[in-house]
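Chain by chain, the residues run as shown.
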Amino acid sequence: MNFMKRAWLNLIAKKGRSLLLILVTGAIMLFVMAGLLIKSAASQAVASAKNSVGATITLTANRQAAFKKMRSSNASSGQPGKRPSLSLDPVKLSTVKQIARLKNVAGYTTTVSAAANAKSFEAISTSSSAQGPAGPGGASSGDITISGVSSTSGSTSFAAGKAKITKGRGLKTSDRGTNNVVIESELATQNSLKVGDTITVKATSGTKKTHSLKIVGIYQAASTAAASMGPGASDPANTIFTSDTLANTLKGSKYKDTADSVVFTVSAPSKVAAVKKQAAKLISSKYSLSLDDQNYQMVKSSMGSVTSFADKVVWLVAIAGTIILALIVILMIRERRYEIGILMAMGESRFKIIAQFFVELFAVLLVGVGIATAGGSYVGGKLADQVVASAATNTSQTAGQVLGSKTGGPAGQAPSGGGPSGQMPGAADAARATQAKQQAKLTVKVTAKAVAILFGLGLAIILLAILAAAAGILRLQPKLILIQ
Amino acid sequence: MLETENLTYWYTNQADYLFQGEHLQFEPGHSYAIVGQSGSGKTTMVSLLAGLDTPKAGTIRIDGQDIAQIGLAHYRRRKVSVVFQAFNLFTYMSALENLMTAMAITKAAHAGDQAFAQAMLQRLGLTDEQMRQNVQRLSGGQQQRVAIARTMVCDAPLVVADEPTGNLDEANTDEVIALFNQIAHEQGKCVIIVTHEPSVAAQCDGVLRLAHRTFTWEKTPAPQLAKKG
Ligand SMILES: Nc1ncnc2c1ncn2[C@@H]1O[C@H](COP(=O)(O)OP(=O)(O)OP(=O)(O)O)[C@@H](O)[C@H]1O
Ligand SMILES: [Mg+2]
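So the sequence lines, in the order shown, correspond to chains A and B. In this text, residue positions in the first sequence follow this note's numbering: the first is 1, and each later residue adds one. In this text, residue positions in the second sequence follow this note's numbering: the first is 1, and each later residue adds one.
Just chain B, with the same shape it has in the complex (with noise of 0.2 Å):
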């Protein structure tokens, strides 16, 4: 569903492109890890494919649609959702709200709908009370747990996530995973993760390397573990 075509991409101060001509594919259903070395470009390949960013050359389209015709605003608002290491959400609202928020400016199907978000937060382990205070009185590990809340409730097909687990221990980093696995799995929406650490990318589906300027797939999805939608 998410491919790329002759993508290359160079920060203009520096002297050579991080990479070039990448021909990628990612599926639906499927969790894939991005890993490699720190500097090596893993950020910057997941902003374009997030549409935070523009490609120096080369095309990425989501349902053979090119994104910079749909528009990249348009392309963030409806098809694809980001989870970041931190600063995910709007610190002066509670989880409650930072859901509705994001539900009403994707104009996902269930904006408006407090009991869908509410029952989404509280499978993910919050309580009433928690999900409507502040956000900033809440865990680092409760934290990221609101924001994968929020790319389960909003309609994107395309998750990305730069370093999701980079703050949290052990237990709250495979708890968390499990989350993105649910997501790929059970919602049948593509899953793209950035992650350093080797137990993250084995419970991946796939993992993709980003060594010498160049992506190599380390393992592809099985085709079985598709779930078609």
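Chain A with its partners taken away, still in its complex shape (with noise of 0.2 Å):
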């Protein structure tokens, strides 16, 4: 083991040479690990934004279809000068519960919306709802919009965390026939209410009848959907959240039993497919089914190209780090020519003197690497931060352009017959890509694979520079080496 006394001394003779290899070396593996990190990190995001975004199907009225009629009769009437009225039909709670019924379907929750005029409070009132227009195409509207949900938590507000409940409790499906609501927390302050209170609220539709609301709850709505509100549309504060229910007793007696839409939760991101096309068969032409996928294909394809940096890092640093570490390595033993040839003179064998180099290479592999481990979080985490903040962007844009184009989104927040003017689509789209960048913030963390494969790599690179480098020595006769 004379090898290890004779590595070890010179490691330690030569202080400076071998403090700038550890930092080479250390330099190297950072940024090879920083590749490796960032492309498991990605991969990981992908997975979980599968996992996350990919277990639920809306069922809505198909707008496209709907279109396509009120195109149709407006050609056969021949009257130009009328207003084209869009008339969709409301998902029937009887085919609700029948693919409810269906195997590794979880559960669902269904979105009405409608509009009422407040009585005993006042709306809030923001500059851009009191200048705007009534709401277009002439669907009636309030000053409050009313969003029936069977339960709060599992409405898309909530749960995209958009709102959430400050004081008293949500909405659950037992309070389905109730008149039990939750208002938003600026509405409540302005009108000094509180949970345990009642108001009234006269439907715009319908009946045209005045209800008495009881307030169960009180929630916060994210500032951020203000400014995702289109010209005309009603200030987020004063959406009431009631059950779907009450909503649709707002509306009108035709709409009793039926829903704007409804979210089915799936058992697994992986069964979503075999759910739609089955629950497809219960449903006619007039509604629609669709994935809400939108997240997981943002993450996915931001992810991608980040993926793609990550590859590159790693294949670049991995090339130039094997180029430069083994041609210091080379440089290296070629200059202890000399102290090769006094081992050689002295009958130490060939490979105990590789033995040596290897040694010596070794330990600075070992702190190399312990640099890489302890930095290659944070330098990952800078690089991935960078590298996702740029990928968002683009993705967010072509996103918004696609999505844009495409009409009938299926978020229930989308205006129905004799609802509110709602969100406009594009707002929609552009809170969803904002989420989708949120999501793709990349967790980089040191695995032990990612060391592994690190500390492999640079076994790799020093064994196969030493013995480059010294078989050229090592197979000449000492004397010529000794002697030149």
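By construction, these hints were calculated from the structure, which means they are not laboratory data. All residues carry an ideal CB built from backbone N, CA and C; glycine is no exception. Errors might be hidden in some of the hints.
[What the hints assert, rightly or not] Simulated crosslink set (DSS-like; lysine-lysine; CA at most 30 Å straight-line): (1) A/K14 <-> B/K107; (2) A/K69 <-> A/K286; (3) A/K352 <-> B/K56; (4) A/K352 <-> B/K107; (5) A/K5 <-> B/K107; (6) A/K254 <-> A/K202.
[To be verified] Pulled a few chain A residues facing chain B out of the computed Cβ check, cut under 8 Å: (7) A47; (8) S349; (9) R475; (10) Q477.
Both chains are sitting in their own frames, so use the hints and assemble them into the complex.
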């Protein structure tokens, strides 16, 4: 084991050189590590996006079919002056229950949009809603948006984190048939309302009757929601969550046992396609089923570019690093020609001469990988933030264009007959893109696998470089090494 | 103890051989000087004797055994110890570490015995401090003494030196040659020194001259000087 001792003596006697070697090795290893980490983080992000957003199916009226019908009826009536009206058939709950009985359907939440006018209290008026015209398409509108849900926790706004309960409780399926509601905190503050109070609203369609509502909870809407409102839209604080049955009552008797949209939860993302196929058999062409996998698609495409970037980093640094490290090792060994000659003149075996160099560089590699392990998360994280930021900007732009050109998103906020003006589709897409961007944030963490890969790579490089450099010297007669 | 039979060598890129069919014999307990003009082939000869190169023809035997048969690496490890004009020592070690390393590699009887190595360096005039600092901080004469101390702590019966005094002044040269004579006469080893200095050759027991591609004895060691061991 004398070669071990020699290796140690060499490393400590030539501290400057050892330190330089460690720094170079550490830097190379650090970048390879960062690349490896970003790559695995990107594929993990795709996998988790798939798991988190892919497991729902939304049932809505088929807007495309409705538009087609509207155009053909316009043409046949031959009255170009008449404003076209779009009639969307609400989803029947009987159909919903049929679908809910399918295998792998874990549950569903229904959404009913309605409008009403505040009676016992004041609605919040924003400058845009005050100046704006009444809702588009001649739909009856009020100053209060009624969002009827089977449960608040299952509704899109709450599930997406755009709204959260701050006082009291949310609505549950047991609230169906009651007049329990949840109102926004701004609306509550302005009208000095609290949980347990009763308010009244007047329906804008159907019977136009006055209904009294009982506040069971107060929620807070995310501030970004206001920015995503189009002109003429009601302030988001004016949205009152009710049970879907109450919303239907406000809309009118013909809307009994219906919903604007229903979101089915499927037990596993992998089962979604099969469930959709089966459910499609149960509905007519007036309705459409859509998968809410846009987040997943967006994360997937943005992560695709991250993965390809990380791949390039790994390859580039690995190749450049291999060359640099190999050259340094070769130079170092050539410079130690006389040392090799002395060892050979003493009869030291070639194997032990190589072993000494290997031990020296192994120690250097060990520290280098240590540096990479310690700094990998930091450097990888910084690099990942940059890459993700540019990737997300690119994809949200293209995704925005794609989504904008597509009519009838699956989200329940799309305006429907008799409903309020609702959110602009473009705004919804923008919000979606932001959401995807947040999900695309990579968590870069050093893994044992990455350390092992790095170590293997480094080991292979130094072993090959030592053999390449030493072979040229060791095959010579010692005389030629020593006396030249 | 060391003999060459029909020893022949030439460099492939040169027109003529350096020497041919040489029969030479060296005995333990004696010091030998090899002299001759520059470029005549002295270094080449001792490289063959030290097992650092292989002859083109002929054999070298130590105690009757062909060194090619023993294996050159083994021969170098166990039988011969070399001292050159320069580049003798591991530059990243102290004098003491150099000796310890050499003893370990050659599996000397005193391998691992630091006190023994220390005593040897002390005997050769190195202070405790000098033997513990990096060898590059020692003078040329001190470094050469370390190389000689190294041959003394190792067990190899043959010591080969190529112009070991080439970089030294007169006083240091005399000291170093005196040490080589000690190795021959006290340790009973066979010492072969290449030199171009007549004064060095004069202090050796035997003198072998290489001229006109032939080795001739200028002086043969007196038999009574030999200490049989
Ligand atoms: N590796 C080599 N390849 C080719 N020729 C060589 C080689 N080494 C030495 N020679 C030549 O062989 C001859 C003998 O060289 P060698 O070194 O043995 O001489 P030397 O007697 O030791 O000389 P000096 O006293 O100058 O050290 C010289 O002419 C030299 O040029
Ligand atoms: Mg020479």
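Going down the list of hints, with the structure as the test:
The suggested pairing of A/K14 with B/K107 holds, with an alpha-carbon distance near 27 Å, which does not exceed 30 Å. In summary, the hint linking A/K69 to A/K286 is supported, as the alpha carbons are separated by about 10 Å, within the 30 Å threshold. Proposed proximity of A/K352 and B/K56 is supported: the alpha carbons are some 29 Å apart, at most 30 Å. For the suggested pair A/K352 and B/K107, the alpha carbons sit about 14 Å apart, so the restraint of at most 30 Å is met.
Simply put, A/K5 and B/K107 have alpha-carbon atoms about 15 Å apart, close enough for the 30 Å limit, and the pair holds. Only pairs whose Cα atoms come within 30 Å are accepted, and A/K254 paired with A/K202 is accepted, the gap being roughly 18 Å. The interface hint given for A/A47 is violated, since its Cβ lies 51 Å from the closest Cβ of chain B, which is over the 8 Å cut-off. Hint on A/S349 holds. Least Cβ distance to chain B is approximately 7 Å, under the 8 Å limit.
The interface hint given for A/R475 is broken, as the beta carbon of that residue sits about 13 Å from the closest beta carbon of chain B, more than 8 Å. Checking A/Q477 against chain B by beta carbon gives a least distance of about 5 Å; that is within 8 Å, so the hint holds.
In this structure, the hints that do not hold are numbers 7, 9, in rising order.
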